[in-house]
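Peer 1: Protein chains in written order, with the working numbering: chain A, 1 to 485; chain B, 1 to 95.
If you are wondering where the hints come from, they were derived from the structure by calculation, not from laboratory data.
Here the structure is a predicted model, which is why all the values come from computation and not from measurement.
Any given hint might turn out to be false.
Distance condition first, Cα-Cα at most 25 Å in a straight line; then the derived BS3-like pairs of lysine-lysine [unchecked claim]:
(1) A/443 to A/409
(2) A/139 to B/92
(3) A/88 to B/92
(4) A/421 to A/409
(5) A/148 to B/59
(6) A/78 to B/59
(7) B/59 to A/224
(8) B/92 to A/311
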Amino acid sequence: MSYIIKGETGDWEVVIGLEVHAQVTSKAKLFSGAPTEFGAEPNTQVSFVDAAMPGMLPVLNEYAVEQAVKTGLGLKAKVNRNSVFARKNYFYADLPFGYQISQFDQPIVGEGTIVLDMPDGTSRAVGVERLHLEQDAGKLVHDMHATKSFVDLNRAGVPLMEIVSKPDMRSPEEAGAYLRKLRAILRYLGTCDGNMEEGSMRCDANVSVRPVGSKELRTRCEIKNVNSVRFVMQAIDHEARRHVEVYEGGGKIDQETRLYDPGQNETRAMRSKEMAHDYRYFPDPDLLPVELTEEFVAQIAKNLPELPDDKKARFEKEYGLTAYDADVLVSEKENALFFEEVAKGRDPKQAANWVITNLFGVLNKKGVGITESPVSAKNLGRLIDLIADNTISGRQAKEAFEAMVETGKDTDAIVAEKGLKQITDTGAIAAAVDQVLAANADKVAQFKAGKEQVLGWFVGQVMKASQGKANPAMCNELLRKKLAQ
Amino acid sequence: MSIDNATVRRIATLARIEVTDAELSTWAGQLNGIMGWIEQLKEVNTDGVAPMSGGTDLKLTLRADQVTDGGIVDQVLMNATEPQDGYFTVPKVVE
């Protein structure tokens, strides 16, 4: 599934690296005791440390360190037992310190890997360059005054993990798959809620192009703060095509930061990096190096939950699911949990089928997640039980399911209410069969003359006579038996 | 390494410090003095000595993840020149 841009002068490929900022799910900030909750009144979640008042000293939040290590282990990455916080110096109104406390040449986590599962069933490993801890900046509001920008420091100091990939991706689809996989891993670990709308996960994309076959890395542009997976993919596609156009027009690409505008589907230059990018990093003298003991790391490793890749492998092995079905089910931790509850003690393939085809279909249509599902795992399981013991037919189950989606009622209540009970009483079905056969002597003759297709017609008639309640398999069997006489 | 006037100008701009053209040479001289002193420190043999972050045995202090601060918007904004509706305000900066 390669992504090639056909240019005037030949074929081009795109080179993509992603930087993801993931907010650590902490109660307090990285270096202060102020809260991190989303959506509070401006500047109500700010301590003197966050506001960079003179003389205030940062004290590192141990939970944030733990979560960074946990995430590193989840990315199969090397955890650095010694890391150092550094000052990244720049001036901007959202940064009261005049520098961001970040990590530079000694991040807490080194190289790791994320395995992408592509829609065509192939998988592909993308390298993680590093993960480091840093504080978020505040927020600027530009539309409240004609000549002033308003500054809210509630986000200032919120702990972020910056996760930097290697320039290993070659298509917008791979970038999308990377983000979805990373988000799933973070959610499984519980280290970040992965909510892109609220900004707790943000993505910058580094994009460059080169002629197919070339190994060079050309000048890249960084597209900042794109807030959905779909927009990241669109922005990359747009930016790659812009590069090809510039090169083929004889121009050159400047290294710059660009903003993506989803409304116009275009990127535009944001600021010149010439001065802004001289960050003059140096170790923060307010903070000593972070030294982790082997026991600390081992303890976190021991308590790591089952991650998407492992869960997928287990679903394939334990439940006999296809790679595709397993992948769909593990993509969200909650989906996997739901499935396992439905599958418990039942036919796993049938459970997967109901969850993926029927339930996900409904949820997608309603635009809600599984936690808001109108049908609980218990009720879906019960429905499958009723099919398995022949109480209801597959067709009745679909009818019951629709009603359950509508009303949210229990399976048994719906089945009783709608009188959905399959007739499995041989005597009752046999009577209906006799009746139908007696009334259609001509069709019986046709069957006996070798026209087997009329059997289907007979089944339909018997089903109709029973108001759809007869067990179709039993109808079929009885009809064959009687017609053979 | 020698610091010329252009470098001083650049550092001053990055640090948002106002330096007049007349002062450039003075600053260049002083900064070169500091650099020279650091060059001199390089003469000390540090083979086999791990880089240090300080001269004491202090270890980093960590803090539990508990909310112990915030909710002091009035104090936070006390020294702001033109606060409005709970915000700091600055001359408009739009990208």
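Peer 1: Could you run down the list of hints and mark each one as holding or not?
Peer 2: Now the hints, each set against the structure:
no.: 1; hint: A/443 to A/409; result: 44 Å, violated
no.: 2; hint: A/139 to B/92; result: 13 Å, holds
no.: 3; hint: A/88 to B/92; result: 24 Å, holds
no.: 4; hint: A/421 to A/409; result: 17 Å, holds
no.: 5; hint: A/148 to B/59; result: 44 Å, violated
no.: 6; hint: A/78 to B/59; result: 23 Å, holds
no.: 7; hint: B/59 to A/224; result: 37 Å, violated
no.: 8; hint: B/92 to A/311; result: 50 Å, violated
Violated hints for the displayed structure, listed by number in ascending order: 1, 5, 7, 8.
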